[in-house]
Amino acid sequence: MKTIWKTTILGALVLALAAFAVPGASQAASGFYDGKVITLIVPNSPGGRMTRYARLYGPYIAKYTGAKEVRIVNKKGGGGVKGTNYLWVQKPDGMTIAFTSVPTLILAQLSGSEAVQFDATKFVYLGRAATEPRVMVVGGKNEIRSIEDVRNLKRPFINPSQGTDEDFYTLAILADALDFDLKIVTGYEGQADTGVAVIKGDGDGLLTAWTYTIPLIANGDMHPILTIWTERHPDYPDIPSALEIVEGEKKAGVQAIVNMLAMHRGFFGPPDMDPKATAALRDAISKAAADPELQAEGEKQGLILLPSDGETEQARITQITDASQGLKPVLKAALASIK
Amino acid sequence: MKRLTQENILAVALLCFFVGILVLSLDYSPRARLVPVPISVLGIILLGAQLVWQNLRSPDELHVDMLEFLTRRGINPVEGAEADDASSADQSPETPAAPGDLSVFSREVFAFGKVLAFVGLFLLLGPFPSVFIFTFAYLSLSRHYHWAKALVVTTIFVVIVYVLFVEVLDIQLYHGVLEPLVNNY
Amino acid sequence: MIEAIGGGLAMLLTPQAMTFMFIGVVYGLIVGILPGLGGIVAMALLLPFAYGYETAAMLALLLGAHIATIWGSSVTGILFKVPGAAKSLALIFDGYPLTQQGHASRALGASATAALLGGILGAIFLAVSIPIVRPIMLFLGPSEYLMMALWGLTIIATFSEGSLLKGLVAACIGVLIAFVGMDPVTATPRFTFDSIFLLDGISFPVAMIGLFAVAEMMKLFVKGGSILDRDVTEQRSTVMDGVKDAFRHWWLVARSSLLGVWIGVLPGIGASVGGIAAYAQAVQTSKTPEKFGHGAIEGVIAPDATVGANEGGGLMPTLAFGIPGGESMAILLIAFVSMGVTPGPQMLTNNLDLVFGMMWIIVLANAMTTLIGLVASPYLARLPAMNANIMVPLVLSVCFIGAFATRGHVEDVIVAAIFGFIGYIMEKYNYSRANMVIGMVLAEMIERNLHISLTLYGDTFIFTRPITLIMFIFIIVTTVMPFYRNWRRDRAVAPVAGGGE
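These protein sequence lines are chains A, B and C, in that order.
Counting in this note's numbering, the first sequence runs from 1 upward without gaps.
Counting in this note's numbering, the second sequence runs from 1001 upward without gaps.
Counting in this note's numbering, the third sequence runs from 2001 upward without gaps.
Please keep in mind that the hints were generated in silico from the structure rather than gathered at the bench.
Each residue gets a CB set at the ideal place from its N, CA and C atoms; glycine is no exception.
Any given hint might turn out to be false.
Unchecked claim - Chain B is faced by these chain C residues, among others (derived, beta-carbon under 10 Å): (1) TYR2027; (2) VAL2041; (3) SER2163; (4) VAL2169; (5) ILE2173; (6) VAL2175; (7) VAL2222; (8) THR2285; (9) PRO2384; (10) ASN2387; (11) ASN2389; (12) VAL2410; (13) ILE2446; (14) GLU2447.
Stated by the list, open to error - Partial pick of chain C residues on the chain A-facing surface, computed with a CB cut under 7 Å: (15) PRO2135; (16) MET2137; (17) PRO2184; (18) ASP2200; (19) GLY2325; (20) GLY2340; (21) GLY2344; (22) ILE2452.
Turn these sequences into a full structure, and let the hints guide you.
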């Protein structure tokens, strides 16, 4: 038994040494993490975009914290919930943090998903790597040309959907705030499937990331009607943003969802994380984001960067927590509508 | 145990599976059970028919069915030769005579046990130590190789698999239940 | 146009691009041969190394690896009944029996050649069909996809000889197993028993590893010897026989390639359906359908041609609308974005040479894979003759690590073992495992599209959508035909032979 262990471990060590020659690992900064290993949990697939962002940031977080290594561990499952459940019970010593889509987690929790064992508002938020505006589009040939048309529609607005992701819930909240009838058709498989359904007219429109719609809008296959963002998008100054057109008591809810979406690809740690670790990590993530080398590499990989610091992200959580009670019934109703 | 009895046990077990699915499905919303309910009902009906069919056929027909079974899968039915017999090395066992039901059964139990043992090792120790132990044990206990040669073959194999999965494919390792005890995390 | 075709080829004929393609192909073959991992993993892993090189080289590396995984998966399916990826599933139905009968070389040769021909024909079909892709994609919808899935179910009968009842039971079990996990339509966790692991469902590659590979190793252990038939002492045919087979069945290859292209084009149909659809098509158009499942070479050629042609199809949603057709295409498009080309229909006017460059990569990478494959096949074909005492531990080890590697969950190893037990029992008592996996593959496609059709088009959609109705009638006719033919033949034979069966 012992010899076997030794052989395997020895073999593993030799190979691991050859593999893990991390560039620029020393260049210590704050001292808290000197020579330590930070585990970065990414609850998404190893080949996916989220992991690529994590791999981009990892070496730079190590560089600016002075840590020996940022070890990325994929714990995929349950739409990010599985890995996040795991983080929830980790020691808050700053050695284990996570990186994933924050709105997905908050919405999974608010909608009452049985799998959620965490409280997303209690995590310590460390910074954001990227986010991008989401936009509501309709088919190019659709009679609907503006968000006003949607509100005046005499029938439900049909939305082909891939399932209960953040776009699903966001649209439900918008429908409630803007007071239009919404019929979400679930069962589509992936973006191509929902996109074609909207273009051919099986569905009216959908909500998606801005970059995804660029060729479709340019081509006339889709037409933007609303930006889900704090302001209008510079490329389409005539398209209103959701926050402009919602008035009254519903505004807090829309503000909350805008805040959530703004937190998109974010780093966070377990609740009550060591303040020293929190400060060191927030600092390191901000510095990493400002590093021209990281920016150049991100651009080369086609990874859009839109960083934001940990304090800003933490402040968003407060607003979301305040407004979330009002959102719960809307989210539950949306879920019930597809049962 | 007679073949018919075995068939009946399996059919009843499957029947229970379908009934269980049906009962679970009835709790779901109408859309969520739209497909599972008809499929499980279909399964129950099919198995009911199968049970009646296999029990009511005359012994003659049953015999024909068995013969068909034996000829079509002529190569598959289990042949003799002890599990750990060195004579089974290199050439196929030359024992066409059908062995007793018991020996087949015991070999099947062995096969299930081996897979279970391997999975157990895997959970406890993680992939590579368990592959090492399992392969080495299998090669040396089956006396296919002398233990020293088995050790060499196993080591080469484990290194190849390690390089392929961990280096080439960048698989993150699972360290087994025992690792925290060893490492104290 | 001609200029663009030439330009696309010229772009690739640089030493760097060709070297990168070779590296990609070799890497892809390795990934393909290991169970549980597919082309997307290969591309994602190569991506970081690809940055900074010229676009042609980057595309050649990524797409080359993706193409090569396809044939790599077929190899293990044919030799060990271990389908390397879901799309190669159909290869084991006839490929493995061929191996058992001592025709492994021939099966590998046919498979590699069919994949090459499929790749070439697929690229040609694609180039020709660029103008009609858009209208057809907009023409077919969920109700038609539903009919395609139902058509796939008709091959259940092929694997049900001996007992149609048991065959149908197996398919029902497969359908229900596919429903474990979060239901994509209503977000209901079904049959999960509150387990978060089961929320993601039973991983299809893991279940296949268990059902076929683990079960086969258990059987081999019980039986002893090797997986070859006992009277097989040497290879009974050569790789060249297989190559000739593929060319002899050129019409089947052409049909299968066309099918593959369209399955790739249509966004609602997964690639794993492709191999099964190709198999169904081969069975239903064959003059000797009863040979399928017992080592019909057509059963190897058709699925390989289809999956070979499938890849290029995934390019189409991008060219027609600017929507990435699938995960693999999304990774490839990163290469475009990084060089400032916006993926979309405007590529057909502005970057046509890039489009043809991709098609050339598909053709050349297929050719490279096939060349390597044909050279390696005679050696690979010797592997199944290994003694059980070596085969069992080695294959089991690779299978369990592969099961673990698919998602990085150790629970998947347990799932593989459980499915191994299920597979062994099903095989022993003649419940078709092939039917079970066909049920698993098609269940989700059927359920998704049934729900969408009902919601969008109402309860009577079969009769209100003309194309759907035509497809529905076609399914009924093609299902009943073989039975009718058998019945007529039996009636003709009966007076002479004195009894059916």
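Each hint, compared with the structure:
1. The interface hint given for TYR2027 (chain C) holds, since its Cβ lies 7 Å from the closest Cβ of chain B, which is under the 10 Å cut-off.
2. Given hint, VAL2041 (chain C) at the interface with chain B, holds; its Cβ is 7 Å from that chain's nearest Cβ, closer than 10 Å.
3. The beta carbon of SER2163 (chain C) comes within 7 Å of a beta carbon in chain B, closer than 10 Å, and the hint placing it at the interface holds.
4. With its C-beta approaching chain B no nearer than about 5 Å, VAL2169 (chain C) sits inside the 10 Å limit, and its interface hint holds.
5. Because the smallest distance between the Cβ of ILE2173 (chain C) and any Cβ of chain B comes to about 7 Å, under 10 Å, the interface hint for this residue holds.
6. Evaluation of the VAL2175 (chain C) hint against chain B yields a held restraint, the C-beta minimum of about 5 Å falling below 10 Å.
7. With its C-beta approaching chain B no nearer than about 5 Å, VAL2222 (chain C) sits inside the 10 Å limit, and its interface hint holds.
8. Given the 10 Å rule on beta carbons, the hint for THR2285 (chain C) is violated: about 25 Å separates it from the nearest Cβ of chain B.
9. Interface restraint check for PRO2384 (chain C): the shortest CB-CB distance to chain B comes to about 13 Å, outside 10 Å, so the restraint is violated.
10. Taken as an interface hint, ASN2387 (chain C) checks out: its beta carbon lies about 6 Å from the nearest beta carbon of chain B, inside 10 Å.
11. Look at ASN2389 (chain C): its Cβ gets to within about 4 Å of chain B, closer than 10 Å, so that hint holds up.
12. Evaluation of the VAL2410 (chain C) hint against chain B yields a held restraint, the C-beta minimum of about 5 Å falling below 10 Å.
13. Evaluation of the ILE2446 (chain C) hint against chain B yields a held restraint, the C-beta minimum of about 7 Å falling below 10 Å.
14. Restraint check, GLU2447 (chain C) versus chain B: the minimum CB separation of about 5 Å is within 10 Å; hint holds.
15. The closest approach between the C-beta of PRO2135 (chain C) and any C-beta of chain A is roughly 10 Å, which is over the 7 Å cut-off, so the hint fails.
16. Below 7 Å, beta-carbon pairs count as interface contacts, and MET2137 (chain C) has one with chain A at about 6 Å; its hint therefore holds.
17. The restraint placing PRO2184 (chain C) at the interface with chain A holds, with a minimum CB-CB distance near 5 Å, inside the 7 Å limit.
18. Interface hint status for ASP2200 (chain C): upheld, as the beta-carbon distance to the closest one in chain A is roughly 5 Å, under 7 Å.
19. Interface restraint check: GLY2325 (chain C) against chain A, minimum CB-CB distance 5 Å, threshold 7 Å, status holds.
20. Annotation: interface hint on GLY2340 (chain C) violated; nearest CB of chain A at approximately 10 Å, more than 7 Å.
21. With a least beta-carbon distance of about 3 Å to chain A, the hint placing GLY2344 (chain C) at the interface is held under the 7 Å criterion.
22. Here the hint on ILE2452 (chain C) is kept, as its CB sits about 5 Å from the closest CB of chain A, short of 7 Å.
The earlier numbered hints that this structure contradicts are 8, 9, 15, 20.
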